[in-house]
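Undergrad: Residues per chain, in single letters:
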Amino acid sequence: MKLMLNILIIAILTVFAGIVSAEDVAQPSPAVAEMEEVSAPADAPKLDTGDTAWMIVATAMVMLMTIPGLALFYGGLSKRKDTLNTIAMSFVAFCIVSVLWVIYGYTLTFGTDMLSIIGAPEKLFLSGVAVDSLSGTIPEYIFIVFQLTFAAITVALVSGAYIERIKFSAWVIFVILWMTIAYLPVAHWVWGGGFLAKDGALDFAGGTVVHINAGVAALVGAVMLGKRQENVLIPGNLTLVVLGTGLLWFGWFGFNAGSALAANGLAGIAFINTNTAAAISAVVWMLTEWSHAKKPTLLGLASGAVAGLVAITPAAGFVNISGAIVIGICSGFIPYFAVASLKPKLGYDDALDAFGIHGIAGTIGAILTGVFADPSINEAGSGLLYGNPGQLATQFVAVGVTAVYVTIVTSLILLIIKMLAGLRVDAEKEVEGLDESQHGEKAYNL
Amino acid sequence: MKLMLNILIIAILTVFAGIVSAEDVAQPSPAVAEMEEVSAPADAPKLDTGDTAWMIVATAMVMLMTIPGLALFYGGLSKRKDTLNTIAMSFVAFCIVSVLWVIYGYTLTFGTDMLSIIGAPEKLFLSGVAVDSLSGTIPEYIFIVFQLTFAAITVALVSGAYIERIKFSAWVIFVILWMTIAYLPVAHWVWGGGFLAKDGALDFAGGTVVHINAGVAALVGAVMLGKRQENVLIPGNLTLVVLGTGLLWFGWFGFNAGSALAANGLAGIAFINTNTAAAISAVVWMLTEWSHAKKPTLLGLASGAVAGLVAITPAAGFVNISGAIVIGICSGFIPYFAVASLKPKLGYDDALDAFGIHGIAGTIGAILTGVFADPSINEAGSGLLYGNPGQLATQFVAVGVTAVYVTIVTSLILLIIKMLAGLRVDAEKEVEGLDESQHGEKAYNL
Amino acid sequence: MKLMLNILIIAILTVFAGIVSAEDVAQPSPAVAEMEEVSAPADAPKLDTGDTAWMIVATAMVMLMTIPGLALFYGGLSKRKDTLNTIAMSFVAFCIVSVLWVIYGYTLTFGTDMLSIIGAPEKLFLSGVAVDSLSGTIPEYIFIVFQLTFAAITVALVSGAYIERIKFSAWVIFVILWMTIAYLPVAHWVWGGGFLAKDGALDFAGGTVVHINAGVAALVGAVMLGKRQENVLIPGNLTLVVLGTGLLWFGWFGFNAGSALAANGLAGIAFINTNTAAAISAVVWMLTEWSHAKKPTLLGLASGAVAGLVAITPAAGFVNISGAIVIGICSGFIPYFAVASLKPKLGYDDALDAFGIHGIAGTIGAILTGVFADPSINEAGSGLLYGNPGQLATQFVAVGVTAVYVTIVTSLILLIIKMLAGLRVDAEKEVEGLDESQHGEKAYNL
Amino acid sequence: MKKIEAIIKPFKLDEVKDALNELGVQGMTVTDVKGFGRQKGHVELYRGTEFQISFIPKVKIEVVAINGMVEKIVSTIIEKANTGKIGDGKIFIYALEDVIRIRTGEKGESAI
Amino acid sequence: MKKIEAIIKPFKLDEVKDALNELGVQGMTVTDVKGFGRQKGHVELYRGTEFQISFIPKVKIEVVAINGMVEKIVSTIIEKANTGKIGDGKIFIYALEDVIRIRTGEKGESAI
Amino acid sequence: MKKIEAIIKPFKLDEVKDALNELGVQGMTVTDVKGFGRQKGHVELYRGTEFQISFIPKVKIEVVAINGMVEKIVSTIIEKANTGKIGDGKIFIYALEDVIRIRTGEKGESAI
Ligand SMILES: Nc1ncnc2c1ncn2[C@@H]1O[C@H](COP(=O)(O)OP(=O)(O)O)[C@@H](O)[C@H]1O
Ligand SMILES: Nc1ncnc2c1ncn2[C@@H]1O[C@H](COP(=O)(O)OP(=O)(O)O)[C@@H](O)[C@H]1O
Ligand SMILES: Nc1ncnc2c1ncn2[C@@H]1O[C@H](COP(=O)(O)OP(=O)(O)O)[C@@H](O)[C@H]1O
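Protein chains in written order, with the working numbering: chain A, 1 to 446; chain B, 1 to 446; chain C, 1 to 446; chain D, 1 to 112; chain E, 1 to 112; chain F, 1 to 112.
Just chain A, same shape as in the assembly (with noise of 0.2 Å):
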């Protein structure tokens, strides 16, 4: 609780910073914006309004994947009495990361490049960011915002491991810590000009930087945290996974095809890609626990869905429509058998499948982006099949990487919460249920 008021007080701390800063800000930014209009003559970057619509309703949609999108998906998937806390551990990494990201989120990661590791902190709240700043053809702001949902996301992903038994004030400083020190350097070695973006790694929306990244944090947390006192997926409410399922998709397309960062071509074929990829691995894992497990289900359905979205994330803007089938195909069966063979045999308890789905989904998407992409869809990334088996290797390198990385970061996040703060609630409260003693509160007076 001390804690709590501490992180209060120093929010209000910074905000005061803020508003100093700000006002700093408040002259120059008229001057900056008079040097990039006196500066625009010939080819400056304008802003183009068709790609600033889309790119604000992109990231309105990416929004909507974290709130209510996940928090439901995981929510519904988790048992009834934990279905509160698991709904709050997104909700509260959407606001935590939300708040963080405008103060030093964004700087660190796409500030001016620093010896390829990290950001320079340069516009910690945002300042220097006026009305008319522009990125590309849209305005800094959105690219800011749009940058923050997937931030967001990326921790909320990795809570579906963590679930039914971690403590809500342990996952707060999770969050924290993990957006800190595991998420910024990943998302600015690969976007903000680090050195795999240098290494010419491809991630055209976040194979790497959100989906393993996320993955392998939510295996080690999942080993580290130990197994829930009922070690089994008991769904409590389908069709929150089904209402989480379809915002997921839906928002992905802002996520996708938002990654083109304007309304063009580009966007329109990872869109495409997106929507043939998650169809035909629902199709397939549906087919494969039809044939394996004898039934088809619609948890089968919605978890091949993600698992395609997951797949061709890195790949959306890079193949062509034959590549996404074949992704789809591949996420549809390699997921299923991780999540049900091999997870059983290892025995780590992820209790939403956070890596068995995001985690090898994304590797998947990642390597096969080095094999199938296609110049002919876009001039910056070309594959095995197209004749740079060099690609393939990046790929695997980046993934190495962010994997190793990420493992050692979460740890030690984990062990110094471990000994801060615990990171379990008490047996007997977990087998009562998180929402009661985490929040007292019940998800359904029925």
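FYI, nobody ran anything at the bench for these hints, they're computed from the structure.
There's no promise every hint is true.
Have a look at the derived ranges for each label pair, beta carbon to beta carbon [stated by the list, open to error]: (1) A/Gly200 to C/Phe396: 55 to 65 Å; (2) A/Met419 to F/Ala19: 35 to 45 Å; (3) F/Phe55 to D/Gly108: 28 to 38 Å.
Virtual Cβ for every residue (Gly too), placed ideally from N, Cα, C.
Since the structure of chain A is provided, determine the placement of chains B, C, D, E and F with the ligands on it from the hints.
TA: Then chains B, C, D, E and F with the ligands, alone, in the frame of chain A:
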């Protein structure tokens, strides 16, 4: 099950075929693009980022109508024990249609017209479509996936009449066959340059292609499947119905205003007509119920809204606001009586009134478009009230032709499936609920 | 019931009137269009497809806020037995306002200003509005329906204080009267060129018009209706509350960023301010609760987010990011104490805290806009901190005038309804639940 | 007076209820219960992992009746609830010391 | 020792419970049940089609008490649960052979 | 024949059920109930206002058994359901007049 595995194999085979063809295409496509650029000077179509932005989002909105919109609308109306099965029917329909559409659906609908009947298979696997291919002022990829979402929801709509008794495997086969031999031809006739288009039938966003088509197929199937053991509507969860209605309404703006294929005044009038018709139809349904059955229900409001959305679909970009109001009033009470009086009298078991609402309101809309089409709104259409009685006749023909064709084709498809795999689950399993027997899962573990 | 039938008849009559007037208009409208085109040469406003794309979507997003957003947010908070009635109140409000808005609402708000009080009835039934009519750079039809969604949600918001005891018929009448004599004038005063606009009151997206307006009406009604038999908050289904919060948050981007009426940097800052205020407000509410009531709740996170969204509404396009953070912090704890301490003390029964959240946070936002409005963000507004203390006074006047006017009008309306039809259901039916007595249906058959 | 308590399959409830009504039984109380017995439960399947549901949904019908009616009630229940398959359920019969009708305060047989 | 079983209207539960507590009753067990009786159910309405709900939600209260308390308990329940309208419910009284407290293993009256 | 009725904590159900099965008990009926007793409920918190939940979720297990088994069943339940904390619950034992198996019409002990 063997059937399923065969489908899987076919899918994988076709994918490889696709890769081959895609690689063939990889070379020519830049050439095509070049040619387009060369021939671009004067008045060649150019990508408009605003139109593109709108159509990307419109497509995502229509996607949302099926998953989770319609899936939850139908799922909430079904009995508790059949909830997941009902949802899965819409879900799997969307997925299968998504895949088949990019393989052959698009080209058979929008490929070069062959004999006014069907499109040519020139764009199998979207071959020949490049990142810079345009359809009007938007990327062709976006046009393709926009049209995909229409095909998907049409098939899913049919399920409303079949639920709570049809085998899931039978439904999967139905989706494939019905999309192929019922939807694709009708869509081609009206939108792809087929004979109804040539006749001048007006269908702005799919009254005939989507709603009459689906509604009639629903009726035919309801008759052929026969009555459920418990032939009564007991909505398991009306909050899902409201949620579904809201998402359908929202998505319908993409459906109707998106059918302008541009961000312009026509999209504007289509939008406001859509909202107005839905709203007044909901109010009229409520008032009808209030005076006829003594109480205004929330389900009545939702049903009225959906009926209004259906009825305005063919008319949205043709009529003025008064036309929209009249159409909305009609869809507020005529389907009510179809559902509450006619259905019990005739005795067919259209479980969720897919015919009663989509078939009837779709017909109301298609006919009244021939009455209210206002040339000051859209030059392309002029109805009875504006001195063109011939249009009314054309509308009747389009409705009639579609209804007859769909009746024949749907009967055939169901007969074939009945022989191949059987249509209905055992009576005992039906009473027990299809969630358990078909999927081995349960909607709520509360 | 008779009343209802009368309404139906009036509706139908007005429609015929509308058809007549529309036909009158059919001729002149091309002429108008022509004139516009003639006068278009130099700097005449032209449709911008990007702005249009954004505003079409923004409108759909705000629509989604009421159905299903607010409907389910309120529905989930109400007792199980009152869920559907609560939902129906928002649903029917949206529908009725939608119809009345196109008939007379739009013109009375945005028609030529008459005496700074109300708009002229020149555009009854939208007469004179053509497909190519513009409002700024977007089709007038889109502007009309964008504004419609604001009117609708304002009325729906009020219901939060009235639920679990008001007759459904009384609510239907209330919607018609309150929208007409409370909402339309206030909206005209602030946005339609009325006296508050002339005074320079700042209200970017509706702090005064929407939230204070609705919040005060809620309080007045809560007092006049009296307490419920079971005067306690027992949320029937908190997952619906989270869903509603997520949809509100998403839609609020359309609400606030859409109030820029264009896809530009102003929309950008409004967007990021909206997200930031909501997020920090949620976190502060949670921390306040954690220290004050020992546990952080999910309902607290959701309530804080909504309070933040409300508070930032008038400020979104005027303040910089630090202003947004301070506003969000204030809305995170002040409404908490209003709801948890003040309400029990004063003893009014504001069932879902429509006043406690919308009224209080709306006032916070309106006042703080007068403090933080930063002219480098938006030239139109300069607050206390930027050397313009007069703005603060203007803001107080706007809040005060609105509150007084709404108090009077709402009391009158409720008195009239009380005499005409009675306000409350029987005590016994109230205990039994309004779903059964008012609608004869049940939310869940689980 | 006796209490007859029958555990039956849920989908037989309507039939049994109607038959008892015809017999002149004026009241009964029904509870949703879970049964464990010779009839085994079913398997649910989440992400490829089987999850054994060992209980089976049943309903319990409680009827209080005068001694003279017990025989008829029991045979009616047997007739209507019988499917011939395992899991049809049981009937338990208990003695009852008194019945009171809350509305009127009547006691004994007239209160049934 | 006796078991007193009362079927009452759900919205009377709190009142009855509080009154019994005051009387010194230290424990009771409550079950949600559906009642069929003289009081008839209500009609639900979906898409214009009426749907008769024949059961009425009730709660069953079970109290085990020593013989000396039975009279008081019964009259308290009658007093509090009575609305004078059909459907107020019944009280059934059964003999009980033994009571055991699981926590301590105590038997008989001291275990109540 | 007796009926043994045990009110226990829900999370002990599986253990008790398995132990009874091992003992040779072939059937039982389980009901979700709410208990009021010495163990007090918990507090829920909505928008800063506390809301006292006075009942505690419990499950009721009903087993009908021949007289010779009663002792063993009772001690098994005590053993498995005991946590030593307040609220572990009670066991009530009733006499039973008859048992009938619906499927076969068998009566008496063989019907159990
Ligand atoms: N000894 C018992 N005590 C209490 N309930 C029992 C007992 N035996 C069976 N039941 C109930 O009766 C139901 C049916 O019993 P089961 O053994 O499955 O089939 P059958 O009635 O055909 O022998 C069980 O699900 C359970 O609810
Ligand atoms: N013979 C009976 N056996 C078991 N329960 C009964 C019996 N008669 C009535 N009940 C229960 O008592 C409730 C109230 O009975 P009802 O006949 O409606 O009114 P009243 O108690 O006023 O006579 C019923 O809903 C039912 O649950
Ligand atoms: N007199 C009683 N009659 C019926 N049920 C009782 C009685 N006393 C207790 N119970 C049931 O037993 C449960 C446990 O009782 P409680 O007094 O909390 O603890 P303990 O069993 O440890 O004495 C209660 O929740 C209630 O369901």
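Undergrad: None of the hints should be skipped; say for each whether it holds.
TA: Here is what the structure says about each hint:
no., hint, in the structure
1, A/Gly200 to C/Phe396: 55 to 65 Å, "holds, 59 Å"
2, A/Met419 to F/Ala19: 35 to 45 Å, "holds, 41 Å"
3, F/Phe55 to D/Gly108: 28 to 38 Å, "holds, 32 Å"
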